[in-house]
Structures are given as C-alpha cells and as structure tokens.
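**Student:** Produce the entire structure from the sequences given, and follow the hints as far as they go.
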Amino acid sequence: GALRVVRCGGSGQRGARAVFSADSKQVGRGYLLYASGDFVKVHSVNTEETLRLLCGHADLVTGIQLNPHNHMQLYSSSLDGTIKLWDFMDGIPIKTFTVGSKLLALYTLASAEDSVFVVIPKKGARDTFQLVSVQLTKGAGQDLEGKELSVVLDDVGASAKHIAFGREGAYVVSVKDVNLQVYFFKQKLWNGFSLSTVKTKGGDNRFSCVVCHPTEDCIATGHADGKIRLWRNFHHMKAYTYSTLHWHHDIVMDLAYSMEGTRLLSGGVEAVLVQWHNESSCQKDFLPRLGSPIDCISMSSDGVLCCTLHTDNRISIINSNLRFSRSIQGLIKSRDVKTGLVVDPRTKALVLNGEPGHLQFYSLQSDQQLFSLDIVQRQYIHQAGLKQSDLVKVAFSARGTWLATVEESEEVTDPELQLKLWFFSEETQSFMLNTRINTPHDNHITDMCFRDMDELGDDSIILVTTGRDCVFKVWVMVEDSDPEAHQSVSWSCDFVGSYRNYQATNCCFSEDGSLLAVSFEETVTVWDSLTWDLKCTFCHPPGNIRKICFGRLTCSKYLISATDYGFLCCWNLLTCALEWSAHLNVVVLQPDPLSEHIAAVSWLSKESSLFVFKPNEPRPVYIQRNLCKEKILLAAFVPRDEPETISSEKYLWLRKSQLFFLTDTQELMTLSTKSLEERLTPSSKQLAVEESLPVTPFSLLLGKHRRQQAQEDLDLGKPVVSNKQEQASPAVKELLHTPAHVLPSASFLCTIFINSLLISKENKSAEEVADEVEMESEKAEDDSDEEDVTAMEQEDTSHMELLGEMTCKLSKSQEKELRKIRKMDYSWISAF
Amino acid sequence: CLACHPRGARLALARTDGAVEVYNFAANYFQEKVIPGHEARSVESLCWAAGDRLFGAGLGGDITEFDLSGLSAARGADGGGGPIWSMVANGTGSQLAIGCEDGSVKIFQVVPGGIQFERNLDRRKGRVLCLSWHPSDTHIAAGSIDFFRVIDVTSGQTVQRIMLNHHVEKAKRECVVWAIALLSGGTVVSADSFGRVQFWDWERATLAESHTVSTSAVLSLAVSEKEDSIVVGTSTGATYQLQLLPVRLGGQEKRWVRTKPFQFHSHDVRAVAHSPTALISGGLDAQLVIRPLMEKMQKKGYEAALRKFTFPHRRLVSCARKARLLLFQFSQYLELWRLGSTEETGKDGEVLPLCRMPEHLVQLKSKGPEHIYCSCVSPCGTWLGYSTASRFQLYRVRCDGDGVSLSKVPKVPKLLPPAYQLQFSADSDRLFVASARGSVHIFQLLEPGGCKHLHTLRPPSGCSEAVYLLAPSTDGHWLAAVSGDWAIHIYNLKCFKHHCVVPAYDCAVSALAIHPSTNNLVIAYSDQQLFEFSIPEKQYTSWSRALQSRGLPDDSTLLMNQSTLKQLPETARKRQLHAFKICKKFQPLLFMDLLDKNCLVVVERPIMDFKTQLPLPVQQKKFGT
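Order-wise, the sequence lines are chains A and B.
One point on numbering: in full-length UniProt numbering, the residue at position 431 of the first sequence is 431, and numbering is uninterrupted.
One point on numbering: in full-length UniProt numbering, the residue at position 94 of the second sequence is 94, and numbering is uninterrupted.
Everything labelled a hint here was simulated from the structure, so no lab data went into it.
You may find that some hints are simply not true.
[What the hints assert, rightly or not] Mimicking EDC-like on lysine to aspartate or glutamate, the simulated pairs with C-alpha atoms at most 20 Å apart in a straight line are:
| no. | chain 1 | residue 1 | chain 2 | residue 2 |
| --- | --- | --- | --- | --- |
| 1 | A | Lys606 | A | Asp564 |
| 2 | B | Lys254 | A | Glu260 |
| 3 | A | Lys238 | B | Asp228 |
| 4 | A | Lys557 | A | Asp494 |
| 5 | B | Lys621 | A | Glu260 |
| 6 | A | Lys547 | A | Glu579 |
| 7 | A | Lys238 | B | Glu447 |
| 8 | A | Lys557 | A | Glu607 |
| 9 | B | Lys260 | A | Asp204 |
| 10 | B | Lys254 | A | Glu168 |
| 11 | B | Lys322 | B | Glu303 |
| 12 | B | Lys622 | A | Asp528 |
| 13 | B | Lys621 | A | Asp250 |
| 14 | A | Lys238 | B | Asp17 |
| 15 | B | Lys622 | A | Asp225 |
| 16 | A | Lys284 | B | Glu209 |
| 17 | B | Lys254 | B | Asp201 |
| 18 | B | Lys260 | A | Asp225 |
| 19 | B | Lys611 | B | Asp17 |
| 20 | A | Lys348 | A | Asp285 |
| 21 | B | Lys452 | B | Asp427 |
| 22 | B | Lys621 | A | Asp127 |
| 23 | A | Lys557 | A | Asp528 |
| 24 | A | Lys238 | B | Asp609 |
| 25 | B | Lys622 | A | Asp250 |
| 26 | A | Lys122 | A | Asp177 |
**Tutor:** Okay, structure coming up:
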C-alpha cells in the first residue's frame, strides 16, 4: 500500500481533563483515560502502560467523560463534530453521534437522562461560543445524528475549564474574561457577576478556570493573577459573596475538588500542586517540583488518586496524601526544539530538548522517555521575561561515548555561551561532564559535529564548532598533564579556521573523516582534516547556505548543499564541479547514515513535501507531496534494529532506517508502510487478552469448559502439541503473574516450570484418562488423580500452592461440591 | 484608639490619648462631636446605654460618663476591681458589666444621673479581657487568657469554662482571648491570639467550627445585629468578614464561611464594629475605615464608597492673613509660624524660589493634663487664644524684629464651660467665643493687652448643644453660629441681636463663611451640598436655588484643567469653560485660606509623616519584595 504518515508521539492533551475509570480502587482495574491528539489513550494506573488506543476521531479530541449511567463507557467529543460512545475496556466504539459543528468541550450529567452538553461555536459570530445540550437519540444503528440542540448558555469560553456543573447538576457556571454566569436549571434563574477589569497592584481578575463543590453550593474560580475565589450565595444577585485564596504567583491553570469537597487542589505554572483544606488560606499542603507547568487536574471518583496533565505532555499520578506516585511521559514538549533531532547511537533513542535546560532521551519503541539529562544544571524559574540559559546544540560521537552540548542565555546581543563535553561512563551508565568551555565562540554557535571513525580509535575524535563570529574551531582531546585531575583527558581548541571573514553557518565531515566541509554564508569550503588546509570552495549564488551534507557509501564523492534561495546543489568533490542542482526550498536535509539516501523536506505554499534522492542521480527515488499540513522543522533517520522486509521497490530506502519528523506543533511523525491495524503494538493486545482472572469457583468451571473445548478440538484432529501447550500455559502464566514475594523458592518452581513445558506422552495420556474417568464416576477420578505420581500431579499441586497464597484453599467439602457441579452441563456458558 | 459602638445612627470612638469622638451615620459619617483627650484618661471600652448616654471605662479603673452636649467627661465611678479591660451594656441598656484586672466581672445599674454598683459575679483568676452579654441578658461570656467562661447572670455562677489552648501543639504560648461574642443561639464566638476565630457550643463545651483567619492575633470581633455576619480585625492590619451562609442554596443547614478579606490598615486593628450596612474598623494607624457592604446598598454612589478618616473634621490651623502667620494646634501645644514669601512670578506649574524662608516663631505649651479644644490667631497677628477643658487663655503676640514675645493677657474673664470655638473679627478688635447652650460670648480686645466681656448672644428659643462653628462677616455686621443641633443662627453685631435662623436642613454643617462683599452666608453640609443664604433678605439666593435644582458637577462631568483648556482652540475653549480651577498635586490638605488677591495658603499633611511616627507594624513576608 501507500506510505502513510503516522503520528507516533508528542500529541498534546490540549486542555481536556483526564478521566479515571470509576473503579480505580480495585487493584489492577484502574484506568486513566486521556485525550491525546486524535486518540483517547487508556492507561493502566498500576502497570504504567498504555493499554489501548481509542482511535476513530478524525480531529483533535476535545473532551472525554465517563457515561454517568454506565461506568464502563466513555463519551468523547472531537473537533470533527462527532461524539463517540466507547466501551473503553475493549476499545470498541459503540455509537457515533454526528453533531455537525466543531465540539470544543464535553460535559455529562447524571441527572440529564440521554443528553450531553457540548460547547460549539455560535453560528454567524466569530470567536463566540455557546453551551448546548445535545439529545442523544436512541437509535439502533451505530452512526446516529445528534442534531437536537438546545442552547443552555451563550457567550461562554472556548476552553473546557471555563464551564462547570454544580452539585447534582443543579446549575451550570461559565466564566469568561471577568464575567461569571450561573444558570439554575430548575429555577430557570440566570445570574451574572463581573469583577473589575482594572488591574490594580499587579492584580488581574480574569478568570482562568472554574470548578464546583461536589456537595455544597460553592464555586471555585481560578484567576490570571493567581487568586482563587470561592463564591457562595450566588443565587442572590446582591448578597453573593466570595472569599479569596492566594498562593500562586501566576495564572491558576486548573482546580479540582476532592470527593467530599473538603480539599481543593490547584496548579499553575509554578509546577507545584497546592492542596487547600477546608477553604482555609492558612491550611495548605504543597507538592512541589512536578517538573513543568500544570495544565489540568483531575480527581478519581473515589478520591484515591489524582492526576495532573502538564503543558509538556507529561502526566503525573498523585496519591491522595499528596505523594507523587508515578508519571507517564512520552515525548516532552519543550518550548523550542533548538537542538534538532539527534539519534543517540547507543540507545537509538531520539535526543532533543526536554524540560528547560534538560536533554531528553526518548525511546521510539516504547513511546517513553528513557531519561532526562540535566545539562544547564540551573534552577529554572517560571517567570515571564526572565532570560534563562537553554540548550541549543547537541552532537554525539559515532559510538555515543562523547556528547557535546552548547547552551546559551536568551540574550540576543551578548549570549553567554558554554560548550560542555560529556563522557559516557560505563559504570554509572550515564553521561559525566568532562570539559566545560566558557565562551567557545564570541557569538552564537551555528553548528557542531564530531569526527569519529571506528577504525581509527578514540584519538581520532575531533569536534568542530562553527560560530557567527566568522570562525570555525576544531577541538581535540588532550592528555591531562595535571596529575591531580580526576580524568585523563580533556578537550581544548586545536585549530581556528576562517574564510574571508564570513559567518560560519554549517559544518559536516565526510564519511571517512578526511574532509571537513564548512559553509560560510554563500560559500562552501572543504578542508583537509589532517593538515587543516583549505582544499577547495564551492559557491552557487544567490543565497546563503542553509544545510550541507556529504553523500555516503557509494556516493561519498558528492557534497549536497541547500541554499536560502531554494536551490539544492550537488557538488562532485573529485571534479570540483557542480554535478546537478534543483530548485527546491529545502527546510530539512537529512542523510541516512546506513544508505546513500538523503531526505529533503521542502516547505512550499503551506505544505511540506518529502523528496528522497541519491546524490549520484538527480532524479529523486521517492516523492511525497503534501506530507502534512504542519511545517516540518526537523527530521531524523533512526536505524532499525533489523532491516525490514519491504516488498515495494519504491520504499526500499526505508529498509534500514526509519524516518521521523518533528512538526512545529512538536508532534513526532513517521512514515509507515503498514496499515494502522498492523502497527498497533502487539504487546498491548496481549495485555488486553490476558487479564488474569482471579481463581474463583466460577473460573474453575470456565476452566473446565475450556478444557472440554480443547478436547473437542483434539477430536477434530488438531495437532496434539499445540493443545498441550495451551494446557500448560496457565501454569506458566500463573508463575509469571504471581507477585515475586509470594512465590515459593526458585528451586521448587524449576521442576514445575520445566515440566509444564515438557510434552510428555505419559502426561497426555493421563489427561485423557482423567477426562474419561471423570465421565464415569467421582470416585474413579479421584483414584486416577492419586495414582498419577507424575508431572501432571505435581503441576496441579504446585498450581494450588501458587494460588494458595492469594486465595484460600478450597476445603474438601467445597471441592466435592465443585466436582458435583462439574458434572452438570454448563455448555450454555460457552455461548458467550 | 479603640472601641466603636453603634447604636442607632451614631458611632463612638475612643483614641489612645483619651479623646472620644462621635460620628453620625446619618450625616455621612460626619465627626459630630469631639471630646479632647486627657493625659490621665485611657478609654479601653465604650458603650452606649440607657438611650443616648455614653460610658467609657479604662485602665484607670474608673467608669466615666461623657456629656455629649457639653463635650466633656462628666461623672465617674470607681470600678473597684483595678484596671478595667472591657465594659458592655446589656440588651436593654439598663446594666453595664465590666471585666477587671483582678478577674472579677461586676454589674452596674444605669440610673439617672450616674451609675450604681449592683453586684459582683463569680470571680476567677486571670484578667477579664472581653465580655459579651447574651441578647436575652441571661448570660455573660467573659474571655481571659487561655480560657473563656460563661456566667449565669441571675445566679452569678460560672456555668461553663472552656480552655482554648487545648488543641494547639504550641500550647506553651498563652492564648489570649481578645474578643468574644455570645450569640442568641447559644454559640460563643471567640477570637484569640493564635489567629483563630472559633465557634463553640458553650452548653456542651464543644468546638463547632474553627477558622484560622490569620497567622497573627485576632484582636477584635463584632457581630451584626442579625447575627449573620461577623467582622474580625487582626494585628496584621487585615480585617475579615465571616458570614453565615447556607451550605446548599435554599437549604436549612448553614455554616460560617470566611468570605472577604480587607487590608485597609497598616497596623493592629484594635476595634471593629458592624453596622447594619457597613463594616467599621479602627486601628493603631489612627485611621477609621468604614467599608459599606455592597449587598446592603441600593445603588452605587457616594453612599457605597469606602471611607477612610485620618484627619479630624475640624479646623486645627488658623491663619493671620495680614501678618502672614499660621497657628497650628497640636494636642498639647501650639506652634506659630511665619510664612515665607517670594517676589518673583512664574508660569503655571513652576515652583518659585523663596526670598524669605518660613520661620518657626514660637511654641506654646499648654499647662496641665488636658488637651487643647480649640485655638485661633487674630488676622493682624497680635492676638492668640486657646482653650482647654477647664481654661481659656488669651495671649498678646509682639513681634519685634526677629524676636517674638508672648504675654498672657491678664484678667481674662473666667468662662465655664470653656470655649469650643474661637474666632477673631476681621479687624481684630473683637473675639467671638463659642460656648455651651448655643451661646456666643463677645470680647472687646483692648490695647496694649487686655480684654473685656462685651455681650453674650443666645438663640431666642434656647439650645442645649454647644456651638461648634462661627463665621463673622468682614464688615463686622453679622455673625453666624452653628450649634450641635445643626441650627444656624445669625446675629446682628451692631445691636447684638438675633437676626434670623437659616431654614433647617437635616444634615450637619461642615463649614460656613460670609461673603465679604455681598454678605451672603455660604454653608457646606456634610452630605456634600452647598447653599448660599442671603442674610439681609433672610432667604436662599437664586444661585443657591439654581444649584439645588442642577446639582454640583459629579465625577463623571468632564472638567478640564487650565493647561488643557489653554491648548484648545478658542471656540472649544468657550464651550469647555467652567468655574472651577482644579489642582490635584497635593497630598491630604488640612487647611486652605486666601491670603490676598493672588495668594493662597494650603497646609498639606502627608500620611507618611505620621506613619513614620507609628510603631513598626507586624513583620509580614510579602511575595515579590
């Protein structure tokens, strides 16, 4: 099939609060559901794994709510104008209601029988929104119309956080700017309050969010200046009153009440979760250092857990005693990806800016952050207008032993630059700072690359940096002469090169490391990396050089450059002549490290197109126009663990490496030849199936039926071996799923485990005999079981042993009872 | 400064120097009466009882009744229990309960012409800092250090004693119950030094609710008449309102909720009061703040505005126009200054260089513990008079070159009661002394230093209140006098006869003056109304009537200042012309007078000037500082 663009990480949550499944109390059954891009993710609270992806919406999911009448179902709304009802346990869409206009937020009420509330744009008015209730028709089919709308409130805010429903759905509150409106459903009473717009003493009364007390008539609102107001008596136009809680120094991003309403949680840009007790400004608890600004807070319905969604796409799960429990983090959204997409050669993880001042290592396979390396090592202060240092450049040596980072303060005129070199320590399995170079260049560093050849060993490692101060510098490792130094080597400058006092913009080593190409504005210069002689220059005016790269493998004699004026040039290094050039506005030029292919992404008339070519032929290998609507800023080839088998000739370039893109909205995308169903990670599917059932009499019964079925299969002539494995698998499963601390000793388990894997002829026959005997009489069956002193017997007892820790052993009489039941016909159970 | 007690329409206030002031709610919170302080008097507690009688009690151990028409402390009675920390009147105003240093609570009966000791209630160790009567007069709650108790009035026994420092870990510190209130439902509200406001069911001795409103002490507490709102003042200068609100709309269950915080004071809020429509607080920063409750106001406007009273509503500065002298009145001394002068002229907004610096001529200390009631300097600058509660003094000022000498005028006629207001005539040969019962004494000043009583003017219908404002006409024909009942009497000075009464207007007169050329009396009332009354015609002038029908320009009217007007084109300027010249560059102004045709003297009193004299406020960490 055709190549598809697949989102694979970094999709934002965009202001939709996460939802806990209703029974998060039960161990093993807690789900956290949250909107992520076009999907709803179902996440297991306990195992920290994403279990299921509810996909089906064609645009951003803007709101998710549990069905108040069935807690196993979930409503979701999306910008594509549909409301979907899901069975999130199985990941099946049950119904789709088409509303038509964009849906910006979704609310459900237990008291509203079969209608939900959504925020839609008002017709004929720009940027005004209204809250409407949608009648969900009870039709038979899957796709239904939800066109029966009735307006509840006019002129509401577009965010889901700007509307809240009060205790038992008695009223609805909406906030916008400095206005608060309350509508009482029963009394049909509408009240509006407004705060003063005057910003006195740094105060800013604009509302940012609203929540309602679950049991009392109290509204809590968050404000842009960090205040929280608690409104009461708001059914009275005059005698309404509010009290103020103030801790946050900047906007209160979200609020959440606990189950009973005794605690109120608030969060903001400070990355601190504040818990207020009993509406008192004096009693409050803090959970600081959550890493990044809090965007949304949601509480589980039993109040045991709460979770915060952060602006950088991280999710933190927090215990009721305000203890940090765990976090779910995929690709961290940073303010600005300045480092580019770099692949860590060691872990094959994508490396880019993470938290401010940190470098994140993002595992593409597991959609998880491997770790975050603090580069700047300074406390980040959330304050507008404060100039802080941030990471701008990152380079890895070929084997990942050295990491070079450049950080600079945000001052434009006189940047404070630091070049740091990190060495990967095998003992600690992390990067250790080796050399810190202050002000390596007098102006911004534009590019940086390592020369590192496996054949030449460690000594060959050279780092080149280019700067706007019109020079490039070569850094080499030197033996440390100081005997007191902890390390044997450090880095120092070896050579400074310049060309006609032009600003150096890019640098690149050839594959064998013998040549260094440095671009100086309009010119590309090629230097011998041994003698540092200028070999030749290439120039193709007009336009400054934007990107350069050498060809690889068979094409290593070519040098590719892209210019500002939209030219892609290929130079032959042997003839020092222009091989070919093409008119293309290249934004991203990325060579594949494992093949000759080079990917170029162009940006033209608001769409990105991908061109893949080999330098030796001017005709692209592959063209995909309109790759995506967002602007692609960065791309990276990530080597595959094993080459993929690709049938089509066209996509052969994807065999060894996979191409990833990062758009300006910081969504990570990749190209896939597989269809969507295939791509879904098999691990999650497995998990969905093997919900290990607790051992109850009922499950034993079911177990018997399964065995019967297996027997039937056997009769139908299925291979015996597979059958046996199916028989044995529960034991192995039990073994693997029982918590380690309740397992018996390994020596004891070993035989059981081995035996369970054995395909013993004797055993199989015993099984058959047992089943046959079972038909005849209870007594006989007992006998046969006792007579078997073989592996089967042992497995059974071990089975009991294992389960005995969790469930009580069945007493003898119960066992007899069960056996009696077993004789009856329960074939009807198998009907479902 | 301490204790505000509203009953009906008045608010009594006592300051730390012993001064007692009465504010009138109906007259726009006008400072109606001032009883100057006394060194030996401290007033810890004030209460209204038996109608309009005002009682004060203090650390001196005496209970004092204040004579509000004579503006003096009238009768006293010894409390007999050492320093008195608190005093409250019961619901009917017939009994006073006092809490003493020795831990006793005593009941006094209010009888005509004084008070009478009735009995002692159960005495326990520990000074009684605060008291509260149950609205039905059956019980008294008394707050002490670490505990409060509830006393049955009929038996005089303590029926409940509740410790307050029980629940606090830092119990080593003592917990001072600064204020207490006994609500009709049997709830005791206590405010303590741990910053808590607690609600107790005293019969079961259980804590119903506890609100920690502040990290520092809660010093004062007041309950509204309906018992649905409480205001508390803390030592950080913040006041908080607590309201009894339904938990669910329309539901029966109600709970106290801390609602609005106000930060109007920089220092301890020593006293709070809860009028039906406003929260009133007074603190160590010498300010009285009245915060109307918006929900009780019919409309937005002047009524609903926040009021801060920092300065007295009286004249403390007098000016000798011809001699260019200013006399400043302080609580126990007077200062005489000579104004500087300049010979240069300049443009709008320029500060002119002085050719002669202002000069402090003399400081005159009053003798005795009493504070000065009033003072005045004559227009020619040769006479100076002041009065305390018991004495009236007149001095002759002699300026010879640089030196200034004061000589006391001998044989000044004894005046009892003394003067409430002094005013010299324009030609400085007569002195008008405002006195009690609506009377005005006229003295003839004699060179080289003597005076003689000329006449006493009295309103024909009689009056019990003292005269508090005087205005003589420049030509010496007329004298207008305002007494405490707000009646303005005009006297003819040529024949010393009562001329007429200005038609009664139901508001306090805040200032009045007689126009030098037309002899029209201009009256300013405390409700921001201005009237012009023609003395010869005995009626309001047509301008006044026109003004009444049109009203003064309010805030919304666009009044351009002079510099903006100048920049406008001719036609537009004519349209925008108005009678006002507005200058907004000054800090609070105490006094203003016209020296000559193009010279105006204003006395500015920056708030920072006396803030620096106050003790340091409670240290508070403020974010961002």
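**Student:** All hints are to be evaluated individually against the structure, with a verdict given for each.
**Tutor:** Checked hints:
Distance hint between Lys606 (chain A) and Asp564 (chain A) is fulfilled; the C-alpha atoms sit about 17 Å from each other, no more than 20 Å. Proposed proximity of Lys254 (chain B) and Glu260 (chain A) is supported: the alpha carbons are some 17 Å apart, at most 20 Å. Among the hinted pairs, Lys238 (chain A) with Asp228 (chain B) is consistent with the structure: their alpha-carbon atoms are about 15 Å apart, no more than 20 Å. Our distance criterion of 20 Å between C-alpha atoms is broken by Lys557 (chain A) and Asp494 (chain A), whose separation comes to about 27 Å.
Among the hinted pairs, Lys621 (chain B) with Glu260 (chain A) is inconsistent with the structure: their alpha-carbon atoms are about 33 Å apart, more than 20 Å. With a C-alpha separation of about 17 Å, the suggested pair Lys547 (chain A) and Glu579 (chain A) falls inside the 20 Å cut-off, and the hint holds. Our distance criterion of 20 Å between C-alpha atoms is broken by Lys238 (chain A) and Glu447 (chain B), whose separation comes to about 67 Å. Taking the CA atoms of Lys557 (chain A) and Glu607 (chain A), the gap is about 32 Å. The hint is violated against a cut of 20 Å.
Under the criterion of a C-alpha separation no larger than 20 Å, the hint pairing Lys260 (chain B) with Asp204 (chain A) is consistent with the structure, at around 18 Å. Simply put, Lys254 (chain B) and Glu168 (chain A) have alpha-carbon atoms about 19 Å apart, close enough for the 20 Å limit, and the pair holds. Distance hint between Lys322 (chain B) and Glu303 (chain B) is unfulfilled; the C-alpha atoms sit about 41 Å from each other, more than 20 Å. Between Lys622 (chain B) and Asp528 (chain A) the CA atoms are separated by roughly 63 Å; this puts the pair beyond 20 Å, and the hint is violated.
Straight-line distance between C-alpha atoms of Lys621 (chain B) and Asp250 (chain A) comes to about 18 Å, which keeps the hinted pair within the 20 Å bound. Restraint check for Lys238 (chain A) and Asp17 (chain B): the C-alpha separation of about 40 Å exceeds 20 Å, so the hint is violated. For a cut-off of 20 Å, the pair hint linking Lys622 (chain B) to Asp225 (chain A) stands: about 15 Å separates their Cα positions. Our distance criterion of 20 Å between C-alpha atoms is met by Lys284 (chain A) and Glu209 (chain B), whose separation comes to about 18 Å.
Annotation: proposed proximity of Lys254 (chain B) to Asp201 (chain B) holds, straight-line Cα distance about 15 Å (limit 20 Å). Restraint check for Lys260 (chain B) and Asp225 (chain A): the C-alpha separation of about 17 Å stays at or below 20 Å, so the hint holds. The hinted pair formed by Lys611 (chain B) and Asp17 (chain B) meets the criterion: a straight-line CA distance of about 17 Å does not exceed 20 Å. A C-alpha spacing of about 41 Å is found between Lys348 (chain A) and Asp285 (chain A), which places the hinted pair above 20 Å, so the restraint is violated.
Only pairs whose Cα atoms come within 20 Å are accepted, and Lys452 (chain B) paired with Asp427 (chain B) is accepted, the gap being roughly 16 Å. A hinted pair counts as satisfied when its Cα atoms are at most 20 Å apart, and Lys621 (chain B) with Asp127 (chain A) does not qualify at roughly 42 Å. Restraint check for Lys557 (chain A) and Asp528 (chain A): the C-alpha separation of about 14 Å stays at or below 20 Å, so the hint holds. A hinted pair counts as satisfied when its Cα atoms are at most 20 Å apart, and Lys238 (chain A) with Asp609 (chain B) does not qualify at roughly 39 Å.
Only pairs whose Cα atoms come within 20 Å are accepted, and Lys622 (chain B) paired with Asp250 (chain A) is accepted, the gap being roughly 15 Å. At roughly 18 Å between alpha-carbon atoms, Lys122 (chain A) and Asp177 (chain A) fall within 20 Å of each other, so this suggested pair holds.
Going through the hint list in order, the structure does not satisfy hints 4, 5, 7, 8, 11, 12, 14, 20, 22 and 24.
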